[in-house]
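**Q** In case you want the letters, here they are:
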Amino acid sequence: MKRLVSRWVFAALVFATAPTAHGDDTPPQMPVVHSRYWERDDARFFAATTIDAGYLYLRPRLSLGYGRPFSTWTGVDVNPIVTSTGVGGWAGVRVQVPWFDVRAGARPFYSFQYNYLAPQAAYETVNLDTATGVNAKYVTLEAELSGGIPAGPGTILLVLTASAVEGTPSGMYVYEETLRVITDPPEIFRARTGYALRFGDQGAAKLGVVGEVLELPRRHDQVWRAGIVASFAIDDHLEALGLLVLPVASPDSIGIAGGDFGELGLRYRWATGAGLR
Amino acid sequence: MRPAWAFLGGGLAVLLCSRDVRADVPAPGTLPVAGQPVDIGLPHRHEGRKLEWDPSFHRVGVPEMVVTGAAAGIALTTAIVRPLKTGWSGGILFDNSVRDALRLPSYQARLDIRDASDVGLATITMFPILVDSALLAYWYRGSEDVALQTALIDAEAISLTAALQGAATFFGGRARPYVQNCGGAVPSNSDDCNTPSEYRSFFSGHSASSFTSAGLICAHHLRLHLFDSGADVVTCAAAFVTAAAIATMRVMGDMHYASDVLVGAVVGTSVGLGVPLLHHYSGHEEARGAPSAVTVRFVPIALGGAIQGTF
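Heads up: the protein sequence lines correspond to chains A and B, in order. With positions in the first sequence counted from 1, the corresponding number in this note's numbering is that position plus 3. With positions in the second sequence counted from 1, the corresponding number in this note's numbering is that position plus 117.
Please note: incorrect hints may appear among the correct ones.
Unchecked claim - Per the computed footprint, the stretches of chain A lying under chain B, defined by three or more beta-carbons under 8 Å from a beta-carbon of chain B, are:
1) 54-63
2) 121-130
3) 248-255
Unchecked claim - Far from chain A, some chain B residues (derived; all Cβ distances over 10 Å):
4) Arg162
5) Lys202
6) Arg216
7) Leu228
8) Val236
9) Ala239
10) Leu247
11) Ala251
Think of the hints as simulated: they come from the structure by calculation, not from any bench. Where is the CB? At the ideal position from N, CA and C, for every residue including glycine.
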């Protein structure tokens, strides 16, 4: 229990938890990464959570399903989205098998900061940050296939996303805050690929490069981005993550709002029945 | 063909052309170069000397938890409420000359440098928890206890700084430098000119938080010797250089006057060094297992604090 509590503190920065006490003869717990930890459990009905915590973000996700959590399972994902610029959520179905992960669902979002945008060929940050009337409110319907395919000393990374931004006023553009792109709704298509090297003990560390293109059919334009991804498995449940993907070619010049600085923090994963055998 | 599909096709082609898609992971600490494993000197799990919390050090307990929670509450409240209308605007002392010298020429450039300062702030703020606590203390030095204590100390100091900064901006109500350009170079209907953030100039939260993190990094590395090598001193110095760069970017982006970032730096440094060194690590000169030849002291000076050490 003590170990579980301390990890929760790490993952969620929950301050109301008592600090670890010492003074017994129990050998200190060591961080351990077991190879294929999440693949060796029995298939079962389970509840699982993934908590991403970093600077000014806390993203808890609840998964309910059948199978081996975080490995081979099918079920539903639900998570709130709270950022400094708006609130929303995600609910959808998900199927995960070794190497591939498929999800589909809906993401409603209400923006505190950004308004609907009058159509322009190109936008600058000041256009995005200028109040033009009504705060943006929309629902993004989304399906995504992602993959991590072992190849040589690393992993090939693939993401293919098809999105439809619904609920916006006719003739207005909108800044989709998860995909971080200004679009003429509804369609957005994204393809990301890259390669991450695995190294260190049991391949616990991964460092790679990714490139992606977002197709904006109604704007007749694309956004190209490139960046780096990194992760480090600290133990079976805890992982450090870093992701910085910046725009390299885009009709818009909206600074970091046009890139993906989505991760710099810790990820904690837990599931009912895990690690009991 | 749409670029998105062509791009994905390229990725799949790489996959299909791969000779050995299920090759084993390289041996620990090696990378394959021309088919041969090359040792790149990566550390191994628990390779570092076991780190232990010195019994004379002050643990984070209920009082610190209460202070942390209360400070976080103050910070959150002051971030939501509108600052008082004090009428304080314009520069003092050297503010205007520094602004003229450092402020970037175009509004777009100023917005871009603000983005860069945001990325810098996120990075330096996460460093003490992500690198020092999780990776070094927990993974490399094998101490869950020290990792937890350092993470809680980080949370305490960061919350305190946020509360002090929030209170100062609420009571100070100082107009940001760019406000004098609202309706001119800065569009009057931009967020810059239409949110309570206009009056949160004094003192700089980016500067205060960055220097708090730099102070925490120095305190942990110099008292606990997390790297157990000269890299501890280098890390400490690099943290303060990074914090200074972030603070400078806030002036370049016209978000703050020089006096705002200087006061932020003093407050941040004082909290970042003071909380760990004067409260938690004040028991012994050195953590157990630390090299005896190294000593470090936090010394208050006129404009904040300084670290003195012998190596």
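**Q** Does the region 248-255 of chain A contain three or more residues whose Cβ lies closer than 8 Å to a Cβ of chain B?
**A** Answer violated; 0 residues pass the 8 Å Cβ test.
**Q** Does B:Leu247 clear chain A by more than 10 Å, comparing its Cβ with all Cβ atoms of that chain?
**A** 6 Å, violated
**Q** B:Lys202: least C-beta distance to chain A exceeds 10 Å?
**A** 21 Å, holds
**Q** Are all C-beta atoms of chain A more than 10 Å from that of B:Arg162?
**A** 5 Å, violated
**Q** At 10 Å, judged by beta carbons, does B:Leu228 keep clear of chain A as stated?
**A** 4 Å, violated
**Q** Checking C-beta pairs, does the region 121-130 of chain A have three or more residues closer than 8 Å to chain B?
**A** Answer holds; 3 residues pass the 8 Å Cβ test.
**Q** Examine the region 54-63 of chain A for residues whose CB is less than 8 Å from any CB of chain B, and state whether their number is three or more.
**A** Our answer is that it holds, as 3 residues pass the Cβ test (under 8 Å) against chain B, meeting three.
**Q** So is B:Arg216 really clear of chain A, every C-beta pair being over 10 Å apart?
**A** Label holds. Min Cβ-Cβ 20 Å, cutoff 10 Å.
**Q** Are all beta-carbon distances from B:Ala251 to chain A longer than 10 Å?
**A** 6 Å, violated
**Q** Quick check for students: does the CB of B:Val236 sit more than 10 Å from each CB in chain A?
**A** Since the minimum Cβ distance to chain A is about 6 Å, B:Val236 lies within 10 Å and the statement is violated.
**Q** With d taken as the least Cβ-Cβ distance between B:Ala239 and chain A, does d exceed 10 Å?
**A** Nearest chain A Cβ is 4 Å from B:Ala239, so the label is violated.
Hint violations for this structure: numbers 3, 4, 7, 8, 9, 10 and 11, all remaining hints satisfied.
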